[in-house]
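Visitor: These are the residues of each chain, in order.
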Amino acid sequence: MRSIRAAATGAVTLSLVLAATACGGGSSGGGGSDDSPKTLTYWASNQGASAAVDKQVLQPETGAAGKDTAAIPLYSMAYALYYNKKVFADAGISKPPATWDELVADGKKIEAGGKSPLGAEGSNLAENIHHVFVFAEQHGAGFFTTDGKPDFTGPKVVEAVRSYVDLMAKDKTIPAGDAEYAQNQSVSDFVKGKQAMLLWQSAGANLTSQGMSADAYGIAPVPVISGKPGPGTQVDSAVMGINMAVFKNTHNLDGATQFVKFMTSDAEQKILNKAYSSIPPVTSAQSDPAFGTPATAVLKNTLAASAAALPQVASESQFETTVGTAVKNLFADAAAGRAVTTDSVRAELQKAQQQMPAA
Amino acid sequence: MTTTAFKEPVREASPGTPAREPRRRAGRLRRASLPYLLLLPALLLELLVHLVPMAIGIVMSFKELTQFYIRDWGTAPWPGLGNYKMSVDFDAPVGKALLHSFLAPVGFTLLSVALCWLIGTAAAIFMQDTFRGRGLLRALFLVPYALPVYAAVITWVFMFQHDNGLVNHVLHDQLHLTRKPSFWLIGDNSFYALLIVSVWKGWPFAFLIVTAGLQNIPKELYEAAALDGAGMRQQIRRITLPSLRPVNQVLVLVLFLWTFNDFNTPYVLFGKSAPEAADLISVHIYQASFVTWNFGTGSAMSVLLLLILLVVTGAYLLFTSRGRRAADV
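Here the protein sequences come in this chain order: L and A.
Taken in order, the first sequence gives residues 1 to 359; the numbers are from our numbering.
Taken in order, the second sequence gives residues 1001 to 1329; the numbers are from our numbering.
Read the hints as simulated data drawn from the structure, not as lab findings.
There could be a bad hint or two in this list.
Under 10 Å between C-beta atoms, here's a sample of chain A residues computed to sit facing chain L [said to hold, decoys possible]:
#1 Phe1068
#2 Arg1071
#3 Phe1160
#4 Gln1161
#5 Thr1178
#6 Pro1181
#7 Trp1184
#8 Leu1185
#9 Phe1270
Heads up, the beta-carbon is just placed ideally off N, CA and C, and yes, glycines get one too.
Construct the complete structure from the given sequences, taking the supplied hints into account.
Guide: Listed below in structure tokens is the structure:
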């Protein structure tokens, strides 16, 4: 979940020692071998839809542009739309929504049946960021200029943030009560069948642990404006995951390296990623049938073809705090019945931008 | 420490006995150093637990210690007063936010301390007379103080929830006092949520201290007052409150410091980013340090907080002690 922060941190603080030592080969054949452990393997390096996507997905893992690898991924995750099959059937919906318009329309049908359509964690800053980031991508907007300066108040960014908050404020797809959620209450609402849909990252293990059986829910890509996820404005997830790195000044470099090797071994990768219902970044570990399910396919495709990395800037963590808080405040407005307008969204984002350190 | 106990046998060596001087001096040294020796462990621990971290914090506040320098603090740049400038530049947004988070909690703290003191003192006075069930009530009153903070506050979070919290259930569903269920954990109502939890958590301490203070007031005073025809109200005003004065002086100060500095309550209630109405300083410091990873700014804010509380405490003690000395004369 902190992949980008970890990578950004890593870019500066971490050593180059891992570059030469980690897991198996990265040949384009897809199989890979452990005989030539000279390069890092990323699942994306074999499966990306195109070189451009590869580069985009790989970037967060390879540190700052022009520098060596700073951290290596342990699990890869992506957002998807989880939906309750029974609630969908009861509402007469035959397939999961592929566009936001469809999602809102389906939401009306679900609401008519007395269920809440979509969950959100309105007071969770990180969740807010992941969603408005994707909305911004879909609007062709960026929160930072190309030279890394915060630019939160551009019309497209404002529009993007507003369309996310409007899911509660205007469309009522997200119930007002979710504005105060920050402890995964929306996940338990989904498990209890009170709520039909959930936008979550690699939620399988989470849902299972809360007692929802795997055949009770379906999984589909997060909606995009056109209905067909892809790169550019069809992005439907941030690149998520957990990375690992070794400090340069560690007293036990050998031990640390051994440990990284162990964590990225096929056997351990299978154990880890099954436990977290994530995708193993190590290609050769993906052969396990546990990663061949339809649910995993959705996540794999998303990561390969339609996920984008969060902004690679030094002030990324401040961005999460300030903009995440802005979205939280906007949700609070919407929940209290106050109007959420382009102006009020811009004002909140303006406040957020003023709190960013001068770059 | 009872240093006076060791003073008595130590006498000045008389000039007529130079031969015995060294031995005596050694003995004197030994005796004189004993109390310091006994104090040493406490002093070392105090250094370790309080003073050293404080000193390091002050050093950190002069460094630009962001996540990029955590591996090796030494390499962090040294902007000098830069962190402070950013924190106290009230025109800039960061400084403005900090100023706001100084002023907002002042109101909250004063209200909370006043309520804690009032409820605690009233309860202590009512519990003064013996009656059946007094022990049970006293124990019950202390429960909020004895509970672990996190467990207590998270229970309040559940009660304040919008959709299925107890508070809305009673206020809205049963009593129909509100037109629609209120949000307590976001928006403007969060001020009341914070105040309620803070008072609930704080008043048993006031109760405990005042109860102890009441034990020291001689019964004869009340008897004499009753003979002179003083009623309950006059007894409280003329005897109880003046006798409690030294107790109250410390109690109010401690309550003020604890409430103003409180981190657990707002953090558990509201998470990493408190609503503006309930935005306390400690959450800001946490945010700067552990959410945006700028330990330098966080430390600078902590040092400023320390300075301000020092000034407030000093002024308070000076003011109240002087008042008392004048009253004693």
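Visitor: All hints, please: hold or fail.
Guide: Hints, one by one, checked against the model:
Interface restraint check: phenylalanine 1068 of chain A against chain L, minimum CB-CB distance 4 Å, threshold 10 Å, status holds. A least Cβ separation of about 5 Å between arginine 1071 of chain A and chain L falls short of the 10 Å threshold, and the interface hint therefore holds. Given the 10 Å rule on beta carbons, the hint for phenylalanine 1160 of chain A holds: about 9 Å separates it from the nearest Cβ of chain L. For glutamine 1161 of chain A, the interface hint holds, the least distance from its beta-carbon to any beta-carbon of chain L being 7 Å, beneath 10 Å.
Proximity of threonine 1178 of chain A to chain L is violated relative to the hint, the smallest CB-CB distance being about 13 Å (cut-off 10 Å). The interface hint given for proline 1181 of chain A is met, as the beta carbon of that residue sits about 8 Å from the closest beta carbon of chain L, less than 10 Å. Because the closest C-beta pair between tryptophan 1184 of chain A and chain L is about 8 Å apart, less than 10 Å, the hint holds. With a cut of 10 Å, the hint placing leucine 1185 of chain A at the interface with chain L holds, because the nearest CB-to-CB distance is about 5 Å.
Interface restraint check: phenylalanine 1270 of chain A against chain L, minimum CB-CB distance 8 Å, threshold 10 Å, status holds.
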